[in-house]
Structures are given as C-alpha cells and as structure tokens.
Amino acid sequence: MSEKGFKKIAIVLSTDEHPSPFDILFMYDIGVDAVLYYGNVNALNKAKSLILDAMFPRGPEGVKHTLLFIGGRNMDLVEQMFELAKKTMFEPFVMSVIADPAGAYTTAAALVAKVEHGLKTKFNMGIEGLKVVVVGGAGRVGTVACRLLAKEGANVVIADVLKDVARKRAEEINKMVGAERVRVAEEYPEKLAEICKDADIVLTTGPPGLQLVPKDVVKKAEKCKVLADVNAVPPLGIEGIKPSWDCKEYPEKPGTFVYGALAIGKLRNEVEKELIVRALIKGERGFYGYDEAFKIAKQLVGLA
1 MSEKGFKKIA IVLSTDEHPS PFDILFMYDI GVDAVLYYGN VNALNKAKSL
51 ILDAMFPRGP EGVKHTLLFI GGRNMDLVEQ MFELAKKTMF EPFVMSVIAD
101 PAGAYTTAAA LVAKVEHGLK TKFNMGIEGL KVVVVGGAGR VGTVACRLLA
151 KEGANVVIAD VLKDVARKRA EEINKMVGAE RVRVAEEYPE KLAEICKDAD
201 IVLTTGPPGL QLVPKDVVKK AEKCKVLADV NAVPPLGIEG IKPSWDCKEY
251 PEKPGTFVYG ALAIGKLRNE VEKELIVRAL IKGERGFYGY DEAFKIAKQL
301 VGLA
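Numbering-wise, our numbering puts 88 at position 88 of the sequence shown, and it's gapless, one number per residue.
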C-alpha cells in the first residue's frame, strides 16, 4: 500500500477466456495488493469501456497506483488495445500500461538480449549487419524477435512453414524500420541447411516439443556464432542442446555458443518482474511494450 493509503492494484485485460496464472502469480509475489482479471476482451469497444472505468474511480492520485496489464494469445488484438489505451488516457488520469501477449514481448526481449550478450562476451562484436535465421519466426515470439533484430540492424531471415504469415510479418517489419532487413526463406523447410550455412546466428522460436534444427544443420552452419532456443519441452527446438545452457559451447561445433530455453526464461522472468516493479511498485508511469522490455533485458545482462 502506498504512503497515501492507496493499494497497488493491477487490472488484467486478456484476449483469452481464462486467466493465465503466470502473470498473476508474478504480480502477487512482487507485492501487488490485488489483481482484477477480465477475460474474453475480444473487441476494442469492450477494452475501451474497461479502460475508462479504470481511469476515474480512484482520482488523479489513485490512478498512479493502478496498473493496466494487457495480454493474451491474440497478439494483433493485444497491440491494438495497447495503442487504444495510449489514445484513451489523458492527464491527470493516466495509469501505467504493460503489454505482453502471452509472454511474447518479454521472451523475445530476453532472447535477443542473450544473443547480443553472447556476441559481446565471446566475440566482442555487435549484431548489426549479421545474418540471423529465425526458424519458426512467424509466431508471436518469433515476430517480436524479428522486430527487435531488425531494429538492431541485423539481416533477418524468417524460416517458417506458414509462408503467407511470414511474408506479412516481414513486410510489416521492413515498413516499420524503413529498410529491407527481413526476408522470408521461400526454400524452407527443404533447404534448411543451405539457409543456415552462412548464418551468424540461428534462433528457434517454434511451438513446444518440436525439433526444428537437427544436429547436421548445426554442423554445416560454418559461420554460426550463437544458437538459441525458447522451447523447454522435449524434443527441444535445436538437437543436441540442453535447456539450461547459458552461453555454453556446442559440443560438436567449437566456437558456437548456445542459450537454452531455461536460461532465456530466467531472464524473461526477471524482465517481467522489473516491468511490474517500475510500472506499479515504484510508480514510474509509462507505456511498456516490447521496446521497453528489451531495454530492461539489455540492462539486466549488462549491455546498457
């Protein structure tokens, strides 16, 4: 509770029907006093009504102790609601807002920060200009990772069986960064080894329990410096690694360093906790999306 007697309250708007315990447990453990959950928020008019109802009842002082957390698996709708919240609020009725669609923002932020940490510590280099292949890159985590990578100046290749979705994501990202930094591997999956042969970095962001990069592809990736996988459910996304590896050298390919899902997940959790602490506990009001999550992730690994 704040010095002025206001409880720290988080309001969760989700596109999903049922609340995910993940974010809610985080909030309580960090020190949030109460969490209110609204599921099936699947239309912008519903979201706007709830946002307006959250803005006014606690007054200009109480709204500073209120957090709006927008999540769920429908990332496009989550992002629309995030922008809606920005447009709806006005001083002095502005609360902090965090968007994290099913953990995609925080996971992608942790993933890219880990990769950049590996490049810096093992090769003393940045990611700008490097070729990054993102296998399974058309999904939520992959899409956000591609955005961050493109913003950092990497040359990104999306390798995904959902070609139409991948093309759409690539077009959106290139328009966003104002450069042609993302392309789709049309020859995937038949020629994965060829796609990865000259890659500096190979990431897997596919669904749980699906191996996307076999060992022979890793061995043929002659320039590969960093491998990273966000899948912690066997079989893992990359053959021959362990989820706990945190910048560990690939046994059969010296000079290639690996980040497993548990190492990435640990940082992801730290990023989410820090987002909530800043937005609500410390009262640093703002709108926290994937850029803010990435900034925090880089700070946590010592890159900023």
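Among the hints, erroneous ones may be present.
[As the list claims (entries may be wrong)] Calculated lysine-lysine pairs in the DSSO-like style (CA-CA distance at most 30 Å, straight line):
1. 295 to 131
2. 295 to 151
3. 219 to 248
[Stated by the list, open to error] Simulated DEER-style distance windows between Cβ atoms:
4. 49 to 219: 49 to 57 Å
5. 33 to 187: 52 to 60 Å
6. 269 to 53: 26 to 34 Å
7. 91 to 219: 52 to 60 Å
8. 49 to 254: 52 to 60 Å
9. 283 to 191: 32 to 40 Å
The hints are simulated quantities; they were obtained by calculation from the structure and are not laboratory data. Every residue gets a Cβ at the ideal spot worked out from N, C-alpha and C, and that includes glycine.
Query raised in the report: Of the hints given before, which are not true for this structure?
Result: 9
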